[in-house]
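Peer 1: Spelled out from the first residue to the last, the chains are:
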Amino acid sequence: DQQVKQNSPSLSVQEGRISILNCDYTNSMFDYFLWYKKYPAEGPTFLISISSIKDKNEDGRFTVFLNKSAKHLSLHIVPSQPGDSAVYFCAASKGTYKYIFGTGTRLKVLA
Amino acid sequence: DGGITQSPKYLFRKEGQNVTLSCEQNLNHDAMYWYRQDPGQGLRLIYYSQIVNDFQKGDIAEGYSVSREKKESFPLTVTSAQKNPTAFYLCASFAGGYSGNTIYFGEGSWLTVV
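Each protein sequence line maps, in turn, to chains A and B.
Per my numbering, the very first residue in the first sequence carries number 21; after that it's consecutive.
Per my numbering, the very first residue in the second sequence carries number 218; after that it's consecutive.
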C-alpha cells in the first residue's frame with residue numbers, strides 16, 4: 021500500500037523554465053510534508069517543507085504547494101538550472117517520527 | 218562539522234553472513250532511522266528509534282536488527298535471513314521542534330551480496 025505516490029518517474033525541462041514535480045498521498049491524517057533532492061550514491065538533502073496548516077511555502081527558487089482536499093502537493097522550481105538535475109522525493113508524516121517517502125521523480129534540466 | 222556518518226561506504230557480503238552498518242550522528246538528535254533504496258522503489262523504512270534503548274519496526278524490518286545503546290549511534294545488522302540484501306542503505310536523524318521537522322541523511326552505504 022503506497023501511501024505516498026510520485027506518479028511521474030521522470031521529467032525533462034529546459035533550462036530557465038519551470039519544473040513542477042507532483043506528489044499524491046492517500047492518508048488524510050498526514051500533517052507534515054518534506055521535499056528532498058538526491059544525487060546518485062549520495063544521501064538525500066532537504067529542500068523545503070510544508071505543514072498542513074499552510075497551502076504554500078516558498079524558499080528562493082523552490083515553492084511547495086499543498087492541496088489538502090485533493091491530497092496533492094507539488095514542488096515548483098523556477099527558474100530551473102542544470103544543477104537541479106537529480107531525483108526528487110516527497111515525504112509525509114502524521115504527527116509522529118515516522119516519515120513515508122514516495123518513489124521519486126528524476127528531473128533532467130536541459131541546457 | 219555536525220552531521221551523520223555512515224560506514225563503510227561499500228561493503229561486500231557473502232551469502233549466509235551477517236554484516237553491520239555503522240551510523241553515528243553528532244547533531245544531538247533524538248530520533249534516528251534506517252532506510253533502504255532499491256531502483257524504482259524510493260526509500261523504504263527499515264527501523265526507527267525515537268529515543269535511546271527504544272526502536273520500532275518500519276515497513277521492511279524482516280531480516281534486519283538494530284540497537285540504540287547511545288544517542289549518537291544506531292547500527293543496522295543485515296542478517297542472513299534477509300533474502301535480498303543488495304541495496305543502498307541510508308541512515309538519518311530527525312530534528313524536530315524549534316529546529317524544524319526535518320530528517321537529515323547520511324551519505325549512504327552500498328551493500329552487495331556476492
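Rather than coming from a laboratory, the hints here were simulated on the basis of the structure.
Any given hint might turn out to be false.
What the hints assert, rightly or not - With a cut-off of at most 27 Å between alpha-carbon atoms, the simulated BS3-like pairs for lysine-lysine come out as follows:
#1 B/288 x B/231
#2 A/128 x A/76
#3 A/118 x A/76
#4 B/226 x A/58
#5 A/114 x A/128
#6 A/25 x A/88
#7 B/288 x A/118
#8 A/74 x A/114
#9 B/274 x A/25
#10 A/25 x B/300
#11 A/91 x A/118
#12 A/118 x A/88
#13 A/25 x A/74
#14 A/114 x A/25
#15 A/114 x A/88
#16 B/226 x A/74
#17 A/74 x A/118
#18 A/128 x A/58
#19 A/58 x B/274
#20 A/91 x A/76
#21 B/288 x A/91
#22 A/76 x A/88
#23 B/287 x B/226
#24 A/91 x A/58
#25 B/226 x A/114
#26 B/226 x B/274
#27 A/118 x A/58
#28 A/118 x B/226
#29 B/300 x A/114
#30 A/114 x A/58
#31 A/114 x A/76
#32 A/76 x A/25
#33 B/231 x A/118
Peer 1: Taking the hints in turn, state whether each one holds.
Peer 2: Hints, one by one, checked against the model:
{"no.": "1", "hint": "B/288 x B/231", "in the structure": "violated (31 Å)"}
{"no.": "2", "hint": "A/128 x A/76", "in the structure": "holds (24 Å)"}
{"no.": "3", "hint": "A/118 x A/76", "in the structure": "holds (23 Å)"}
{"no.": "4", "hint": "B/226 x A/58", "in the structure": "holds (16 Å)"}
{"no.": "5", "hint": "A/114 x A/128", "in the structure": "violated (31 Å)"}
{"no.": "6", "hint": "A/25 x A/88", "in the structure": "holds (15 Å)"}
{"no.": "7", "hint": "B/288 x A/118", "in the structure": "holds (18 Å)"}
{"no.": "8", "hint": "A/74 x A/114", "in the structure": "holds (15 Å)"}
{"no.": "9", "hint": "B/274 x A/25", "in the structure": "holds (22 Å)"}
{"no.": "10", "hint": "A/25 x B/300", "in the structure": "holds (26 Å)"}
{"no.": "11", "hint": "A/91 x A/118", "in the structure": "holds (19 Å)"}
{"no.": "12", "hint": "A/118 x A/88", "in the structure": "holds (20 Å)"}
{"no.": "13", "hint": "A/25 x A/74", "in the structure": "holds (21 Å)"}
{"no.": "14", "hint": "A/114 x A/25", "in the structure": "holds (16 Å)"}
{"no.": "15", "hint": "A/114 x A/88", "in the structure": "holds (13 Å)"}
{"no.": "16", "hint": "B/226 x A/74", "in the structure": "violated (39 Å)"}
{"no.": "17", "hint": "A/74 x A/118", "in the structure": "holds (21 Å)"}
{"no.": "18", "hint": "A/128 x A/58", "in the structure": "holds (12 Å)"}
{"no.": "19", "hint": "A/58 x B/274", "in the structure": "holds (25 Å)"}
{"no.": "20", "hint": "A/91 x A/76", "in the structure": "holds (14 Å)"}
{"no.": "21", "hint": "B/288 x A/91", "in the structure": "violated (35 Å)"}
{"no.": "22", "hint": "A/76 x A/88", "in the structure": "holds (11 Å)"}
{"no.": "23", "hint": "B/287 x B/226", "in the structure": "holds (22 Å)"}
{"no.": "24", "hint": "A/91 x A/58", "in the structure": "holds (24 Å)"}
{"no.": "25", "hint": "B/226 x A/114", "in the structure": "violated (32 Å)"}
{"no.": "26", "hint": "B/226 x B/274", "in the structure": "holds (24 Å)"}
{"no.": "27", "hint": "A/118 x A/58", "in the structure": "holds (20 Å)"}
{"no.": "28", "hint": "A/118 x B/226", "in the structure": "holds (25 Å)"}
{"no.": "29", "hint": "B/300 x A/114", "in the structure": "violated (31 Å)"}
{"no.": "30", "hint": "A/114 x A/58", "in the structure": "holds (23 Å)"}
{"no.": "31", "hint": "A/114 x A/76", "in the structure": "holds (18 Å)"}
{"no.": "32", "hint": "A/76 x A/25", "in the structure": "holds (20 Å)"}
{"no.": "33", "hint": "B/231 x A/118", "in the structure": "violated (32 Å)"}
Hint compliance for this structure: hints 1, 5, 16, 21, 25, 29, 33 are broken, all remaining hints hold.
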